[in-house]
Amino acid sequence: MVIQMILNGLMLGLSYALIALGLTLIFAIMNILNFAHGQMYMLGGFVVYYFYYVFGLNYFFALFMCIPTLALIGVIFEKFFFRRVLTLGRREESSMLLAMGTALLLENIALIAFGYKEQGVPPLIHGVIKIFGGYLPADRAFIILMSVLLIIGLLVFIYKTRPGRALRALAQDKEVTYLMGVDVNKITMLGFAVGAALAGLAGGLLALTFPIFSGSGTPITIKSFLMIMIGGAGVVPGAIIGGFLLGMVESFGYGLISGSMTYLIIFAMIILLLIFRPQGIMGKPWG
Amino acid sequence: MAILEVENLTKRFGGLTAVNNLTFHVDKGEILAVIGPNGAGKSTLFNLITSYNRPTSGKIIFEGEDITGMPTHKIAKLGIIRTFQETTVFKEMDVFHNVQVANHLHFKSNDLEEFFNSPRAKADHLEVERRTRELLNYFGIEQYKDEIASNLPHGHLRALEMAIAMSADPKLALLDEPFTGMNAEETDRAMEMVRGIRDQKGVTVILVEHDMRAVMRISDRIVVMNFGEKIAEGKPAEIQQNEAVIEAYLGKEEEGELEDVL
Amino acid sequence: MNQKNYARIVLVATLLFIYLIVLPIIFRNQRYLLNIVITASLLSCASLGVWITFSIGRINIGQGAFAGIGGYTTAILIMKAGFSFWQSFLLAGLLAALIGFLFGLVILRLKGVYFAMLTLSLTETFRLIFLNAEGLTNGGNGIMGIPRPGALSIAGITIIPNFGRSNIFFYYLSATILIIVFLAVWRLYKSRIGWIFKAIRISEDLTRSCGINIVKYRIMAYSICCFLGGIAGSLFTVFYQNIFPASFQVNDSVYFMLYCFLGGLDYLAGPILGAFVLTGAFEVLRFIQKYQEGIYACIMIALMLWLPNGLMSLNLGKVFGKRKEKELETTEADKLLKSYNPDSGRKSLKKEG
Ligand SMILES: Nc1ncnc2c1ncn2[C@@H]1O[C@H](COP(=O)(O)OP(=O)(O)O)[C@@H](O)[C@H]1O
Ligand SMILES: [Mg+2]
Chain W
126 MVIQMILNGL MLGLSYALIA LGLTLIFAIM NILNFAHGQM YMLGGFVVYY FYYVFGLNYF
186 FALFMCIPTL ALIGVIFEKF FFRRVLTLGR REESSMLLAM GTALLLENIA LIAFGYKEQG
246 VPPLIHGVIK IFGGYLPADR AFIILMSVLL IIGLLVFIYK TRPGRALRAL AQDKEVTYLM
306 GVDVNKITML GFAVGAALAG LAGGLLALTF PIFSGSGTPI TIKSFLMIMI GGAGVVPGAI
366 IGGFLLGMVE SFGYGLISGS MTYLIIFAMI ILLLIFRPQG IMGKPWG
Chain S
164 MAILEVENLT KRFGGLTAVN NLTFHVDKGE ILAVIGPNGA GKSTLFNLIT SYNRPTSGKI
224 IFEGEDITGM PTHKIAKLGI IRTFQETTVF KEMDVFHNVQ VANHLHFKSN DLEEFFNSPR
284 AKADHLEVER RTRELLNYFG IEQYKDEIAS NLPHGHLRAL EMAIAMSADP KLALLDEPFT
344 GMNAEETDRA MEMVRGIRDQ KGVTVILVEH DMRAVMRISD RIVVMNFGEK IAEGKPAEIQ
404 QNEAVIEAYL GKEEEGELED VL
Chain V
1409 MNQKNYARIV LVATLLFIYL IVLPIIFRNQ RYLLNIVITA SLLSCASLGV WITFSIGRIN
1469 IGQGAFAGIG GYTTAILIMK AGFSFWQSFL LAGLLAALIG FLFGLVILRL KGVYFAMLTL
1529 SLTETFRLIF LNAEGLTNGG NGIMGIPRPG ALSIAGITII PNFGRSNIFF YYLSATILII
1589 VFLAVWRLYK SRIGWIFKAI RISEDLTRSC GINIVKYRIM AYSICCFLGG IAGSLFTVFY
1649 QNIFPASFQV NDSVYFMLYC FLGGLDYLAG PILGAFVLTG AFEVLRFIQK YQEGIYACIM
1709 IALMLWLPNG LMSLNLGKVF GKRKEKELET TEADKLLKSY NPDSGRKSLK KEG
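Protein chains in written order, with our numbering: chain W, 126 to 412; chain S, 164 to 425; chain V, 1409 to 1761.
None of these hints come from the bench; they were simulated from the model. Quick caveat: nothing in here was measured; it's all calculated off a predicted structure. Check the hints yourself; a few may be wrong.
[Claimed, not checked] Below, a list of computed lysine-lysine pairs in the BS3-like style, where the Cα atoms sit at most 27 Å apart:
{"id": "1", "chain 1": "V", "residue 1": "K1412", "chain 2": "S", "residue 2": "K240"}
{"id": "2", "chain 1": "V", "residue 1": "K1606", "chain 2": "V", "residue 2": "K1624"}
{"id": "3", "chain 1": "W", "residue 1": "K255", "chain 2": "W", "residue 2": "K409"}
{"id": "4", "chain 1": "S", "residue 1": "K285", "chain 2": "V", "residue 2": "K1519"}
{"id": "5", "chain 1": "S", "residue 1": "K254", "chain 2": "S", "residue 2": "K222"}
{"id": "6", "chain 1": "S", "residue 1": "K271", "chain 2": "S", "residue 2": "K237"}
{"id": "7", "chain 1": "V", "residue 1": "K1488", "chain 2": "S", "residue 2": "K254"}
{"id": "8", "chain 1": "W", "residue 1": "K409", "chain 2": "W", "residue 2": "K242"}
{"id": "9", "chain 1": "S", "residue 1": "K364", "chain 2": "S", "residue 2": "K240"}
{"id": "10", "chain 1": "S", "residue 1": "K191", "chain 2": "S", "residue 2": "K222"}
{"id": "11", "chain 1": "V", "residue 1": "K1624", "chain 2": "V", "residue 2": "K1412"}
{"id": "12", "chain 1": "S", "residue 1": "K254", "chain 2": "V", "residue 2": "K1698"}
{"id": "13", "chain 1": "V", "residue 1": "K1624", "chain 2": "S", "residue 2": "K271"}
{"id": "14", "chain 1": "W", "residue 1": "K311", "chain 2": "W", "residue 2": "K285"}
{"id": "15", "chain 1": "V", "residue 1": "K1606", "chain 2": "S", "residue 2": "K237"}
{"id": "16", "chain 1": "V", "residue 1": "K1598", "chain 2": "S", "residue 2": "K308"}
{"id": "17", "chain 1": "S", "residue 1": "K308", "chain 2": "V", "residue 2": "K1412"}
{"id": "18", "chain 1": "S", "residue 1": "K334", "chain 2": "V", "residue 2": "K1624"}
{"id": "19", "chain 1": "W", "residue 1": "K299", "chain 2": "S", "residue 2": "K285"}
[Said to hold, decoys possible] Partner residues aside, some chain W positions facing chain V, computed with beta carbon under 10 Å:
{"id": "20", "residue": "E243"}
{"id": "21", "residue": "M271"}
{"id": "22", "residue": "I347"}
[Unchecked claim] Derived CB-CB ranges, DEER-like:
{"id": "23", "chain 1": "S", "residue 1": "S220", "chain 2": "V", "residue 2": "W1714", "range": "27 to 37 Å"}
{"id": "24", "chain 1": "W", "residue 1": "I201", "chain 2": "S", "residue 2": "E297", "range": "37 to 47 Å"}
{"id": "25", "chain 1": "W", "residue 1": "V273", "chain 2": "S", "residue 2": "T219", "range": "55 to 65 Å"}
{"id": "26", "chain 1": "S", "residue 1": "A286", "chain 2": "V", "residue 2": "Y1699", "range": "37 to 47 Å"}
{"id": "27", "chain 1": "W", "residue 1": "F205", "chain 2": "V", "residue 2": "W1494", "range": "20 to 30 Å"}
{"id": "28", "chain 1": "S", "residue 1": "T219", "chain 2": "V", "residue 2": "Y1597", "range": "51 to 61 Å"}
Yeah, the Cβ is synthetic: ideal placement off N, Cα and C, and Gly gets one too.
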């Protein structure tokens, strides 16, 4: 029982970390809370649904297609919406309402295009792995593996490559980054694209075990907010920890009590956490 | 007689000790300057005295009362008002409202009376309006009273900041770099203003300032900080001769001002 | 100055005349249209609360939770404890305010996106509480068949008679409450308390240093907001005669904000204008109901792109006199735009460095 919950928690926690990383990245570089993050996740699921199931193409190709699709959406949002509002915006509220607008828009487009119906895709790898008396469907093992690889890939990108370093510099100090000769607009766009692509990849991965439907975005958005509240907004390790913790707690909660009770307890715990550490576990003190 | 005593004050931010075992006092009616290189912990000291930060250890005593860790608004009520290093006014309000809000402590009526506009509240408003006009007049910005604060030129902005600080009728004013960004002439005028609040309003002043010429001329006494510690204290003439001070300043290249004076 | 005041009085009188006399007469036999105006009035009420939290510089996506609290309080008190609507209405507001007060003690320390995220979670939290507290709330089945308000008598004197199912009565009830709420909030903002709220939004640090207890005023603002959410939720519940955990969700909390933005955050009438315009426009476009969210979304995006200060900043702004601030905004925005332009940006940065 406990082993089973740990196995589920591992899958949830790692894929959630992926989701939180995308959200925190966008927050760190633009100070924008991407309300559409869950909807981007949802679209990732549909990309895989169409390429993999409907068109019958290779799963990896379908998963890869999440990257250009969501990155394109991210670039469009950044270039045509957020950049202008951030430049004009007198108040922080403006970019937030804009972000909510983009979330509603994506959700409504998905609803019109794909309907209410829940979709699913056939398993990629059949079979179940037995570990210490717990059962791990092969697909879930695959999700765990892929999540770990993607997280490592992202960390390498952020810490070891030139554009990654520019992203981090941008998160630190926009003006200094500008003076270093970095094309701030381009890097900002890149950051938004990477963040969106991460959400899409997570959606594409979890499409293997969870239903794909147009309404799945908002709950994921809310969960991703919880993750970065736990870990600390805008901090890379915080996102990983927050995502992982939430996934684990969710798995144990679902195993021991009901799902809605679990979230009630999670909310209560987060409020308690924020009383003592308003900046989250890894966040820097502020205000 | 000491109006404020700071005893063994220490503030750590994680591993960094911003203020280290600092002890000093300021006498009633004095102008005390706190100087030191950037990052020496001067602003942190002000934050501690006015409870924007809580000290790690040590005591702050104002008029014989221990005010360590008391909420900021209560400290203001006791008579300590501070200004900020970055000029801070209520940017999106007009000048008159800026000072009216700052006169909060002179409203005697409570919130319910205020809401229902009781006679007492009305009287308060009349009195505060009178005070506001007087303050604007004193600081020479009455002609801008309807202007939105952020439209004011820098010099007047500083004056407004002072008017806001003086609205509470403080006994002790903590001014954080009041002359920054001013040319010689503006600095002279601002110095007159600071002397004025001491001489005419009887306000004790602690000021943090980098402009050494101004510091040497205006202050009765100087406390020098470096890396959070007090490295010297004395009359301006003594400080100019102090080896430790000269070293602290020469060690930092961008701090050229003291050399010019010495 | 006098002319402006005159124009303002004429405008307000006209609006009141339309609201209180023309609309009810035109719509008296069209229950559906009357209901739309009632809905808009109640939404305005809750949005005014959200507007107050905006005025202290907090982005509040939690009003849905407090509408839910007010609604369930009313439903439970009427259905299970035998209270009259009038009693439960008041208690609903007070309980919402009390819960807001308690949460406010904790969460008002947070700012910006942190406050926004947490209040958003509150909406979800309370939906889950309503779903799980089955003994009180019937869980997902909700509470149905709640009676409409009966007569109100105080000390044996009937103040408001029993109107049965007449919607005109409900129309006037919601209109009266909206007008009272608006006047109260207006008075608040004319008073020193309103200045303090604004001061807190501009700089909490400076406000504190003026000797103002910002914790107290923040909580006051938030509790008032929650009170308004509570009474709006209470009225919604007796109006629809039912309530479910899904009656007030995250999207509703977002719409409350949208109304404020659409009208204009700098104007007290903004949330009301926003609520009426959007509710009305939506009904006109009923045949495309499927696209409601999409249209709201486009409005939100378009608003932020081209009209960030809301409808009131367009024409009504002149009557309600806020011109100075508007000028300031454009110059500030221009400055920002310029500094964002790479060439001028480089210059300005060099100067500073
Ligand atoms: N809130 C804070 N958190 C962490 N470090 C701080 C904080 N405030 C100040 N510091 C650090 O304390 C040191 C002293 O800063 P400050 O008091 O502003 O110096 P000064 O005003 O003398 O230039 C600096 O190294 C600064 O980075
Ligand atoms: Mg300083």
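We went through each hint and held it up to the structure:
1. V:K1412 - S:K240: 40 Å, violated
2. V:K1606 - V:K1624: 14 Å, holds
3. W:K255 - W:K409: 41 Å, violated
4. S:K285 - V:K1519: 34 Å, violated
5. S:K254 - S:K222: Answer violated: K254 of chain S to K222 of chain S is near 34 Å, above 27 Å.
6. S:K271 - S:K237: 15 Å, holds
7. V:K1488 - S:K254: 52 Å, violated
8. W:K409 - W:K242: Roughly 43 Å separates the two Cα atoms, so the pair is violated.
9. S:K364 - S:K240: 17 Å, holds
10. S:K191 - S:K222: 19 Å, holds
11. V:K1624 - V:K1412: Measuring from Cα to Cα gives roughly 36 Å; hence the hint is violated.
12. S:K254 - V:K1698: Outside the cut-off at roughly 44 Å; violated.
13. V:K1624 - S:K271: The given pair, whose Cα atoms are some 17 Å apart, holds under the 27 Å limit.
14. W:K311 - W:K285: Cα-Cα ~19 Å, so holds.
15. V:K1606 - S:K237: 21 Å, holds
16. V:K1598 - S:K308: Judged against 27 Å, a Cα distance of about 18 Å means the pair holds.
17. S:K308 - V:K1412: 21 Å, holds
18. S:K334 - V:K1624: The hint holds at about 25 Å.
19. W:K299 - S:K285: Since the Cα atoms of K299 of chain W and K285 of chain S sit roughly 49 Å apart, the hinted pair is violated (cutoff 27 Å).
20. E243: Violated: closest Cβ of chain V sits about 18 Å from E243 of chain W, beyond 10 Å.
21. M271: At 28 Å from the nearest chain V Cβ, M271 of chain W fails the 10 Å test, so the hint is violated.
22. I347: 6 Å, holds
23. S:S220 - V:W1714: 27 to 37 Å: 55 Å, violated
24. W:I201 - S:E297: 37 to 47 Å: Since I201 of chain W and E297 of chain S have Cβ atoms about 57 Å apart, the given range 37 to 47 Å is violated.
25. W:V273 - S:T219: 55 to 65 Å: Roughly 41 Å apart at Cβ, these two residues miss the hinted range, so it is violated.
26. S:A286 - V:Y1699: 37 to 47 Å: 57 Å, violated
27. W:F205 - V:W1494: 20 to 30 Å: Distance hint for F205 of chain W, W1494 of chain V is violated at roughly 51 Å.
28. S:T219 - V:Y1597: 51 to 61 Å: Violated: the Cβ-Cβ distance is about 41 Å, outside 51 to 61 Å.
This entry does not satisfy hints 1, 3, 4, 5, 7, 8, 11, 12, 19, 20, 21, 23, 24, 25, 26, 27 and 28, going by the numbered hints stated previously.
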